[in-house]
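Asker: Could you build the full structure based on these sequences and the hints that come with them?
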Amino acid sequence: GENVEQHPSTLSVQEGDSAVIKCTYSDSASNYFPWYKQELGKRPQLIIDIRSNVGEKKDQRIAVTLNKTAKHFSLHITETQPEDSAVYFCAASGADNYGQNFVFGPGTRLSVLP
Amino acid sequence: GAGVSQSPSNKVTEKGKDVELRCDPISGHTALYWYRQSLGQGLEFLIYFQGNSAPDKSGLPSDRFSAERTGGSVSTLTIQRTQQEDSAVYLCASSFQDRAYEQYFGPGTRLTVT
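Those sequence lines, one after another, are chains A and B. Yeah, the first sequence ends on 114 if you go by my numbering, and it's all consecutive. Yeah, the second sequence ends on 114 if you go by my numbering, and it's all consecutive.
Hints are supplied without guarantee of correctness; some may be wrong.
A few chain B residues that don't get close to chain A, going by computed Cβ distances all over 12 Å [what the hints assert, rightly or not]:
| no. | residue |
| --- | --- |
| 1 | GLU20 |
| 2 | ARG22 |
| 3 | GLU68 |
| 4 | GLU85 |
If we take Cβ atoms under 8 Å as the criterion, some of the chain A residues that face chain B in the derived model are [what the hints assert, rightly or not]:
| no. | residue |
| --- | --- |
| 5 | ARG43 |
| 6 | PRO44 |
| 7 | LEU46 |
| 8 | PHE89 |
| 9 | PHE102 |
| 10 | VAL103 |
| 11 | PHE104 |
| 12 | PRO106 |
| 13 | GLY107 |
Don't read these hints as lab results, they were simulated from the structure. Only a predicted model underlies this, so the values are computations on that prediction, with no experimental measurement involved. Just so it is clear, CB atoms sit at the ideal spot from N, CA and C, and this is done for glycine as well.
Answerer: Pasting the structure below:
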């Protein structure tokens, strides 16, 4: 089955700096890779996703890159702000239109220091 | 419109008792997922419902766990003879059938087994 690893487990950056979180997956059939942000005591929320036919996707200060050959994908946050502080989870799925279960990474706790 | 709702928000129970956790998905969402999140840990897939298909129960950790979905909408996760290791936040998510990869999470039920 699929296995997703995520690094680092914790990350502290100064406000305004960039943050990068990396994930690797094991199942080459996986084709959908979402990222979720979970603030303390709140539910996970989808912040960006990428499908396997795309190498990079951007949404304002957030970008995700995917390397299918190496089976890894990364989340990039630029110009970090204190409100970016949260736990970030990556996931991999072999989702087709009818979906399958996701496999989540263990999470990265990001702290943005003012 | 209303998001995914879960009840109760908190549940404290004694070891050995049975508990039922409820999830109300977003109206029109045919896919429903249950996850478990232990303290400081990632999201562990439990079970997945899609329309009238047989559920994917591959993530259920033991036969003490079961779930049903009535009328293709509300779902109940039942844990029998609870153990202390069952203490966690139980999260429900739902999605449209043709966008089954885009999951929206409920607020979770925090279960504490004493």
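Asker: Tell me, in ascending order, the numbers of any earlier hints that this structure violates.
Answerer: none
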